[in-house]
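**Q** The primary structure of each chain is shown beneath.
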Amino acid sequence: MSTAAATTTVTDTTGMGFLETRMRRWVTVYVPLGIFVFVLLFPFYWMAITSVKPDHELLSREGNPFWVMAPTLAHFQKLLFHTAYPAWLWNTVLVSVVSTGFSLAASVLAAYAIERLRFNGAKHVGLAIFLAYLVPPSILFIPLADVVFKLGLFDTRLALILTYPTFLIPFCTWLLMGYFRSIPFELEECALIDGATRWQILTKIVLPLAVPGLISAGIFAFTLSWNEFIYALTFVSSSEIKTIPVGVVTELVEGDVYHWGPLMAGALFGSLPVAFVYSFFVEYYVSGLTGSVKE
Amino acid sequence: MLEKLQNNRNALGLLFMLPAAVLLLLFLTYPLGLGTWLGFTDAKVGRPGQWIGLENYEFLWGDAVTRLALFNTLFYTFVASVLKFLLGLWLALLLNRNIRFKTFFRAVILLPYIVPTALSAIAFWWIYDAQFSIISWTLMKLGLIDRYIDFLGVPWNARMSVIVANVWRGVPFVAITLLAGLQTISPSYYEASAIDGATPWQQFRHVTLPLLTPIIAVVMTFSVLFTFTDFQLIYVITRGGPLNATHLMATLSFQRAISGGALGEGAAISIAMVPFLLAAILFSFFGLQRRAWQQGGADK
Numbered sequence: 001m002s003t004a005a006a007t008t009t010v011t012d013t014t015g016m017g018f019l020e021t022r023m024r025r026w027v028t029v030y031v032p033l034g035i036f037v038f039v040l041l042f043p044f045y046w047m048a049i050t051s052v053k054p055d056h057e058l059l060s061r062e063g064n065p066f067w068v069m070a071p072t073l074a075h076f077q078k079l080l081f082h083t084a085y086p087a088w089l090w091n092t093v094l095v096s097v098v099s100t101g102f103s104l105a106a107s108v109l110a111a112y113a114i115e116r117l118r119f120n121g122a123k124h125v126g127l128a129i130f131l132a133y134l135v136p137p138s139i140l141f142i143p144l145a146d147v148v149f150k151l152g153l154f155d156t157r158l159a160l161i162l163t164y165p166t167f168l169i170p171f172c173t174w175l176l177m178g179y180f181r182s183i184p185f186e187l188e189e190c191a192l193i194d195g196a197t198r199w200q201i202l203t204k205i206v207l208p209l210a211v212p213g214l215i216s217a218g219i220f221a222f223t224l225s226w227n228e229f230i231y232a233l234t235f236v237s238s239s240e241i242k243t244i245p246v247g248v249v250t251e252l253v254e255g256d257v258y259h260w261g262p263l264m265a266g267a268l269f270g271s272l273p274v275a276f277v278y279s280f281f282v283e284y285y286v287s288g289l290t291g292s293v294k295e
Numbered sequence: 001m002l003e004k005l006q007n008n009r010n011a012l013g014l015l016f017m018l019p020a021a022v023l024l025l026l027f028l029t030y031p032l033g034l035g036t037w038l039g040f041t042d043a044k045v046g047r048p049g050q051w052i053g054l055e056n057y058e059f060l061w062g063d064a065v066t067r068l069a070l071f072n073t074l075f076y077t078f079v080a081s082v083l084k085f086l087l088g089l090w091l092a093l094l095l096n097r098n099i100r101f102k103t104f105f106r107a108v109i110l111l112p113y114i115v116p117t118a119l120s121a122i123a124f125w126w127i128y129d130a131q132f133s134i135i136s137w138t139l140m141k142l143g144l145i146d147r148y149i150d151f152l153g154v155p156w157n158a159r160m161s162v163i164v165a166n167v168w169r170g171v172p173f174v175a176i177t178l179l180a181g182l183q184t185i186s187p188s189y190y191e192a193s194a195i196d197g198a199t200p201w202q203q204f205r206h207v208t209l210p211l212l213t214p215i216i217a218v219v220m221t222f223s224v225l226f227t228f229t230d231f232q233l234i235y236v237i238t239r240g241g242p243l244n245a246t247h248l249m250a251t252l253s254f255q256r257a258i259s260g261g262a263l264g265e266g267a268a269i270s271i272a273m274v275p276f277l278l279a280a281i282l283f284s285f286f287g288l289q290r291r292a293w294q295q296g297g298a299d300k
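Which chain is which? The protein sequence lines are A and B, in order.
The first sequence runs 1 to 295 under our numbering.
The second sequence runs 1 to 300 under our numbering.
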């Protein structure tokens, strides 16, 4: 019974593409894919269209909400000149770049030490790094707030620059350990015989070979710190120190009347830099993403 | 000579580990311990706590809101993870086909994952607006509903709405990592099984799925961890409302500890999440181990 059913289906679909009719391929592949892409991208379209809609079009149920009749830049103007948005942008850039740079440097050294110097207990340290990567910020932020406060760092950019590496370093180290592992030992041995020091080996042989890994880790760390929310929400309270995600959420929502135009403009504007960076380094980002879940 | 090198190596290793170790010990390990301790105290903001044993946990166990938050977290994690897995696997299988503009599709699909969650959550908040929701507008025009849906004002609507937003954000991660897994499966398995007369379903069930299991286990562990400890989406879209119907453990701990000032109680809620996270990690670890052995790999 079941074999009969199986053989009938076998005749038209054995996974061999040339036997599939064009129609069937459309229904089973392109239509679902189209729906996926539409749903995944619609919120961005909606952000963009809302950010250029004048208020009277936003707050009306007449007309077609999917389109805009009289586009305006008023919301962007309000955002850039009547809120602290430029300061948030600067803070976000500063905090992301500095914490990424620091984390990358610390991670290169740590990954090299664990993977190549193989000091006593390197294996255990490697495991500890992986476990640190699994600690979610939302169980850490309360005691961390206490630490930040006691160090006198509350409401400073430094608080964010110093706490972001808690999730950046484990991630970058883990990723770079994988990259260093793929570099042949022989290269280092040759250099050692030629009298190179460990530092020379790291900077002149290992790092140039690990550039793709460095870019992956850097891009990934940059987007992670750009997107960070809970630490920035907890450790900072003055408007001019906030980052974009926190600033938009806490400062642009005034009372019960939501100004959707400026909110969407702020959300779009805050998403563009990461989307821009990402678009140049898609391959590196994807390899970082898939590398991060590899054993 | 050898001993000297060994010494050298250890000293150098220590030196290289120093920046990362100092930072992680101070801002990760110490706070973890401090959090555990705080959970056993009555610490408030600006006042060091006294040891009160299990009092926080006893209080929270009897607290209706905490119990609701635990239920919400489990429900949210379970439903969102199942949906993310099914949709993510489907999307990965679609992308693994021989389609045009594959790189373009792959790049575009990751967008929800890379933009700041807090910002895309605001877009969802607007999409779910009670008065101007675009979903309600479309359904009205299609004649499917006769009045606007109150997405965020009714407990079950709100729960489903935040789950949809979470799935939207999480599907790209699952899809892209599973796609990477699919691409490592050798085509010869499919050829061999096709010659043996396997149907596409049988190929999926007996070739794709077993070979993909290790990566599924890892991806879903990460997905479950991040969903269980989710904070941003809820904080931005509902702040835990209506009637605490969407409060998760993370948002509740923030409300109690930071907004309410009860550090000890908030820390206890955070620490109460740890056993669940450990259970998820161990489950995946032992799942993986079994698979490695079944496939002829060495026991780890």
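These aren't lab readings, by the way, just hints derived from the structure by calculation.
A couple of the hints might just be wrong.
One-sided and incomplete, this derived list gives chain A residues near chain B with beta-carbon spacing under 7 Å [as the list claims (entries may be wrong)]:
#	residue
1	47
2	49
3	106
4	143
5	182
6	274
7	290
In this text, all values refer to a predicted model and were calculated from it rather than measured experimentally.
Just so you know, even glycine gets a beta-carbon here, dropped at the ideal spot from N, CA and C.
**Q** Against the earlier hints, flag every one the structure doesn't satisfy and list their numbers going up.
**A** Numbers 2 and 5 - these are the hints that the structure violates, sorted from lowest upward.
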